[in-house]
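As they're listed, the protein sequences go chains A and B.
First residue of the first sequence? That's 1 in the working numbering, and the numbers climb one at a time after it.
First residue of the second sequence? That's 1001 in the working numbering, and the numbers climb one at a time after it.
The set of hints was computed from the structure by calculation and includes no laboratory data.
A hint or two may mislead.
What the hints assert, rightly or not - Estimated spans, in silico, between C-beta atoms of each pair:
1. B:Leu-1052 to A:Val-13: 32 to 40 Å
2. A:Arg-237 to B:Asp-1291: 27 to 35 Å
3. A:Val-183 to B:Ala-1035: 24 to 32 Å
4. A:Pro-242 to B:Asp-1063: 53 to 61 Å
5. B:Leu-1039 to A:Gly-71: 32 to 40 Å
The C-beta atom is built at its ideal place from N, Cα and C for all residues, glycine as well.
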Amino acid sequence: MSVFLLKRCATFVVTLLVASVLVFAVLDLLPGNVAQVILGDTATPESIAALEKKFGLDRPALVRYTDWVGGLLRGRTALSHSYDTPTATLIAERLQVTLPLAVLAMAFTVLIGIAAGVYAAARQNKLGDVGVMALSQLGIALPNFWFAILLILLFAVKLQWVSAGGFPGWGEDDGGGPWAGFVALLLPAFSLAVVQAAVLARWTRSSVLETLREDYVRTARAKGLSRRAVLWRHVLRNAMIPVLTILGLQFAFLISGTVVVEQVFVLPGLGRLVFQAIANRDLVVVRDVVLLLVAMVIVVNFVVDVLYAVIDPRLKASDA
Amino acid sequence: MSGSALPGPLGVLVTPGAAPRTGFVARALRHRSFAVGALLSLLLLVAALVSLGWSPYPPAEIDIPHKLQAPSAAHWFGTDSLGRDIASQLLVGAQASIMVGVFAVLIGFTIGTALGLLASARGGWVEEGVMRLADFAFAFPALLSAIMLGAIYRPGLVTGIVAIGIFNIPVFARVTRASANAIWSREYVLAARAAGKNRWQTTWDHVLPNIASVLIVQATNQFATAIIAEAALSYLGLGTQPPMPSWGRMLNEAQTQIFQAPMLAVYPGVAIVLAVLGLNLMGDGLRDLLDPKLARKR
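With the hints as constraints, model all of the structure from the sequences given.
Given below as structure tokens:
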């Protein structure tokens, strides 16, 4: 393994560790007495003591932290206060909605954003370019949850093609199925993707335009290659490096967008789980869900870092 | 710009746009994106200011007999399911957006700029540390911070401001450090150092004034981001709390009436889009106006 990858792996592990310390500090240390927060201001000292004993909240912070992280690594998570179920079980159920939604939204983002960006760059300063840029300016100003509501208005209220929300489940025994589940995620994924794609289109356009000015592109054109062939064979690969960075950063917004859009479409994903947990003061669930969402962002950015080396071998060489 | 000759205030024929305008204001007014953006942003500000002293109805006043009214002269945008006037709620809702925008940007600007300047002035492990911290903070979007804070403290305007403000810190730290590093290599900065100014005096006297334009543009963009984030948090119940109106919460309430009164879900969204679009266009325009080199490249 190259030095580049080793360095990135080390950064990845350290970032994950720091994230876990921060989440633990905010949700376990900052409130002072976690049991008091869970039970509320009217709790008696006896009930607080009982809860502390039940969930081990009376142990030193360091022991609680190492137990938590150790448990996560072994796949054993704490019990949710309100569900009395290990958080891993709750999260695994909800991930069946959130993960496909995030992946589908990312796929739409990449498809729409890169296609629109390349199209605009290929028609710089022409009508198509101006149109795409105007639309992307509007897209950036759109709150994804409002766009989601507009989609519900159009497809559920006016056209009545789909239901206004809910998720039928992936299993046919539950009354759903793979196709029904996929259809239920289409509008949420699209509402998430449109805003992200607007940002990506602008970056793709400027990156492609920048690459088009390179000497090797001029050489390729001088060799007799058509503009289209140069664009697909030479420009796109090099233009994708900065675009990948943006994609990595966008994933953080996509994840938080997923949490919001799940509320709009009443999808039983991580977003709904965490908001129910906030309402129930179930800090254990909030802590594990937040760490998972942060970890997802860190993992995606790590993958992006590794992809850099695949796309641009110079990075690997310069770091070795 | 060309135009036909028109009589001026003193009866002298003047051609619109023919006179040489070199001042910043004149250039700004000629810049289409900036002018449209500034106009929309001004509308937002005026709405918030006007609503401090006047609104057609008290925004929280419940009037069940007049619930779900269609737009009319009495209620410009109709009423909601509790008979509250939508126009009044939209006007007063601008206050929450501006308040969150201003304070969240102030938090990010103050701490982030200080960290960025420190990183740039000290370099070495301090710079590396600040930048790794900024990278790390990007894994915590405002919503996740708000979820954590909302879980232990009562959700509200302050929680929203703090969460969005925290997210703004790494944004400003990165921009400041990148712009400041470019200034540190300039000759006039080297001259100032040679003249005996220490790092902090140089930062204050030369670096900060020269990156101010970049920071102003960034502040405008982050203001727009803060408005969307505030609306999202309020939609989720983690931001502005009743009885203070907020565009995000209006959308949440409108969604429950989406089959009976679909337009209720349209007005607050249009208000958010216009405000954000205005700030973004103004930011883009400012970038062009304050950095002509960049404008030529674009």
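The hints, checked one at a time:
1. B:Leu-1052 to A:Val-13: 32 to 40 Å: violated (52 Å)
2. A:Arg-237 to B:Asp-1291: 27 to 35 Å: Check passed, 30 Å falls within 27 to 35 Å.
3. A:Val-183 to B:Ala-1035: 24 to 32 Å: The hint (24 to 32 Å, Cβ to Cβ) is violated, given that Val-183 of chain A and Ala-1035 of chain B are roughly 45 Å apart.
4. A:Pro-242 to B:Asp-1063: 53 to 61 Å: holds (54 Å)
5. B:Leu-1039 to A:Gly-71: 32 to 40 Å: At roughly 56 Å between Cβ atoms, Gly-71 of chain A and Leu-1039 of chain B fall outside 32 to 40 Å, so the hint is violated.
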